[in-house]
Amino acid sequence: MCGIFAYLNFLTPKKRSEIVDILVQGLQRMEYRGYDSAGIAIDGSNDIESPHSKVALLRKAGKVSVLSDFIKESADDLDMDMEYNIHCGIAHTRWATHGSPRDVNSHPHRSNDKNEFLVVHNGIITNYREIKEYLEKKGHKFESETDTEVIAKLTQHIHDRYPDFSFRQLVETVIQQLEGAFALAFKSSRFPGQLVASRRGSPLLVGIKSNSRLQTNHFPVSFSKDAGWKWGDEKQTDGKFSNLGLFSLGCLNHC
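In UniProt numbering, the protein residues as written are 1 to 255.
Heads up, a few of these hints could be off.
As a list, the in silico SDA-like pairs of lysine to any residue whose alpha-carbon atoms are at most 20 Å apart [claimed, not checked]: (1) LYS15 <-> MET82; (2) LYS14 <-> MET82; (3) LYS54 <-> LYS114; (4) LYS209 <-> ARG190; (5) LYS114 <-> PRO192; (6) LYS141 <-> ARG129; (7) LYS114 <-> ASN85; (8) LYS63 <-> SER74; (9) LYS54 <-> ASP77; (10) LYS60 <-> GLN25; (11) LYS138 <-> ASN112; (12) LYS138 <-> PRO163; (13) LYS14 <-> ILE86; (14) LYS15 <-> PRO192; (15) LYS15 <-> SER74; (16) LYS14 <-> PHE191; (17) LYS63 <-> GLU116; (18) LYS132 <-> ASN112; (19) LYS54 <-> SER189; (20) LYS114 <-> GLY44; (21) LYS209 <-> PHE10; (22) LYS60 <-> LYS114; (23) LYS54 <-> PHE70; (24) LYS132 <-> GLU116; (25) LYS54 <-> ASP79; (26) LYS14 <-> GLN194; (27) LYS114 <-> ASP160; (28) LYS15 <-> ASP76; (29) LYS15 <-> GLY44; (30) LYS15 <-> MET80; (31) LYS114 <-> ARG190; (32) LYS15 <-> ASN85; (33) LYS14 <-> LYS72; (34) LYS209 <-> ASN85; (35) LYS63 <-> ARG102; (36) LYS54 <-> GLY193; (37) LYS60 <-> GLU73; (38) LYS137 <-> ARG102.
Calculated directly from the structure, the hints in this document are not laboratory data.
Could you put the whole structure together from the sequences, leaning on the hints where they help?
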């Protein structure tokens, strides 16, 4: 069973080494679930010539310890003492359902070789073949055998056509096209310091820790039409977010 983990430090200075340690520790706590590969995505180098420019994607088939060793080997390309006041990192342990245990099939999955949109996923997307076929016709190239990669590439596809969409709007539009059960966490170089998470069927827990009293009622949380309770004043129609002016892409025919 796959496990996803994300960490967002907001106005709390953390070194890159501390962020990596937190993500790896999160993966270690999920090892009991069973897995065959692991990976993380963090903010990368400002050097455009670096292989980890913008977003560093580090993933390996094997145990978390194998990933940890790989991260240490990559330290020369990443300033581990660099400090972030705001940073979003995502992590994943994978149990193969689509595609064999290989580095390229490991999560996080990316939208392109620039790592513009990345996603970690627990669950199964049952209509991924239809989405993949559509995206291939639109010129998108796939590098893995997984169902998850279509999510990252669909996010990129919609962003390219609707560049004014917020990160939240992009994710909401993407998940309207997905069939199956999932828990997802998204990271993007286009939206630095932002994390968007979503679930349908699969469990997803959110924890907030602060050294002082923290008001959380302004955090944007949206509920489906069949949710037992609602938060705030968001008006929803048929599970879509009418206050954002979103629309169904149907079978992606209009995108």
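Each hint tested on the structure:
Using a Cα cut-off of 20 Å, the hinted pair LYS15 and MET82 holds, with the two alpha carbons roughly 5 Å apart. Straight-line distance between C-alpha atoms of LYS14 and MET82 comes to about 8 Å, which keeps the hinted pair within the 20 Å bound. Proximity of LYS54 to LYS114 is assessed by CA-CA distance (about 8 Å); at most 20 Å being required, the pair is judged to hold. For a cut-off of 20 Å, the pair hint linking LYS209 to ARG190 is broken: about 26 Å separates their Cα positions.
A C-alpha spacing of about 14 Å is found between LYS114 and PRO192, which places the hinted pair at or below 20 Å, so the restraint holds. Simply put, LYS141 and ARG129 have alpha-carbon atoms about 14 Å apart, close enough for the 20 Å limit, and the pair holds. At most 20 Å may separate the alpha-carbon atoms for a hinted pair to count; LYS114 and ASN85 exceed this at roughly 23 Å. A hinted pair counts as satisfied when its Cα atoms are at most 20 Å apart, and LYS63 with SER74 qualifies at roughly 17 Å.
Distance check on the hinted pair: LYS54 and ASP77 sit about 12 Å apart at the alpha-carbon level, within 20 Å; holds. Between LYS60 and GLN25 the alpha-carbon distance is near 16 Å, which keeps this suggested pair within the 20 Å criterion. Simply put, LYS138 and ASN112 have alpha-carbon atoms about 14 Å apart, close enough for the 20 Å limit, and the pair holds. Proposed proximity of LYS138 and PRO163 is supported: the alpha carbons are some 17 Å apart, at most 20 Å.
Between LYS14 and ILE86 the CA atoms are separated by roughly 8 Å; this keeps the pair inside 20 Å, and the hint holds. For the proposed pair LYS15 and PRO192, the alpha carbon gap of about 16 Å is at most 20 Å, so the pair holds. Between LYS15 and SER74, the direct Cα distance comes to roughly 16 Å. Compliance with the 20 Å bound is thereby established for this hinted pair. At roughly 19 Å between alpha-carbon atoms, LYS14 and PHE191 fall within 20 Å of each other, so this suggested pair holds.
With a C-alpha separation of about 26 Å, the suggested pairing of LYS63 with GLU116 is violated against the 20 Å cut-off. Taken as a hint, the LYS132 and ASN112 pair is honoured in the structure, with Cα atoms around 14 Å apart against an allowance of 20 Å. Between LYS54 and SER189 the CA atoms are separated by roughly 6 Å; this keeps the pair inside 20 Å, and the hint holds. For the given pair, LYS114 sits about 11 Å from GLY44 by alpha-carbon distance, which is consistent with the 20 Å threshold.
With a C-alpha separation of about 10 Å, the suggested pair LYS209 and PHE10 falls inside the 20 Å cut-off, and the hint holds. Distance check on the hinted pair: LYS60 and LYS114 sit about 19 Å apart at the alpha-carbon level, within 20 Å; holds. Of the supplied pair hints, the one linking LYS54 and PHE70 holds, its CA atoms being roughly 19 Å apart against a limit of 20 Å. Restraint check for LYS132 and GLU116: the C-alpha separation of about 18 Å stays at or below 20 Å, so the hint holds.
Of the supplied pair hints, the one linking LYS54 and ASP79 holds, its CA atoms being roughly 13 Å apart against a limit of 20 Å. Between the alpha carbons of LYS14 and GLN194 the distance comes to roughly 16 Å, so the proposed pair stays at or under 20 Å and holds. A C-alpha spacing of about 14 Å is found between LYS114 and ASP160, which places the hinted pair at or below 20 Å, so the restraint holds. Proximity of LYS15 to ASP76 is assessed by CA-CA distance (about 15 Å); at most 20 Å being required, the pair is judged to hold.
A hinted pair counts as satisfied when its Cα atoms are at most 20 Å apart, and LYS15 with GLY44 qualifies at roughly 12 Å. Taking the CA atoms of LYS15 and MET80, the gap is about 7 Å. The hint holds against a cut of 20 Å. Between LYS114 and ARG190 the alpha-carbon distance is near 11 Å, which keeps this suggested pair within the 20 Å criterion. For the suggested pair LYS15 and ASN85, the alpha carbons sit about 9 Å apart, so the restraint of at most 20 Å is met.
At roughly 18 Å between alpha-carbon atoms, LYS14 and LYS72 fall within 20 Å of each other, so this suggested pair holds. For the hint pairing LYS209 with ASN85, the CA-to-CA distance comes to about 15 Å; that is within 20 Å, so the pair holds. Distance hint between LYS63 and ARG102 is fulfilled; the C-alpha atoms sit about 12 Å from each other, no more than 20 Å. Taking the CA atoms of LYS54 and GLY193, the gap is about 12 Å. The hint holds against a cut of 20 Å.
This hinted pair checks out: LYS60 and GLU73 have alpha carbons roughly 12 Å apart, not beyond 20 Å. Distance check on the hinted pair: LYS137 and ARG102 sit about 26 Å apart at the alpha-carbon level, beyond 20 Å; violated.
Against the hints set out earlier in the document, violations occur for numbers 4, 7, 17, 38.
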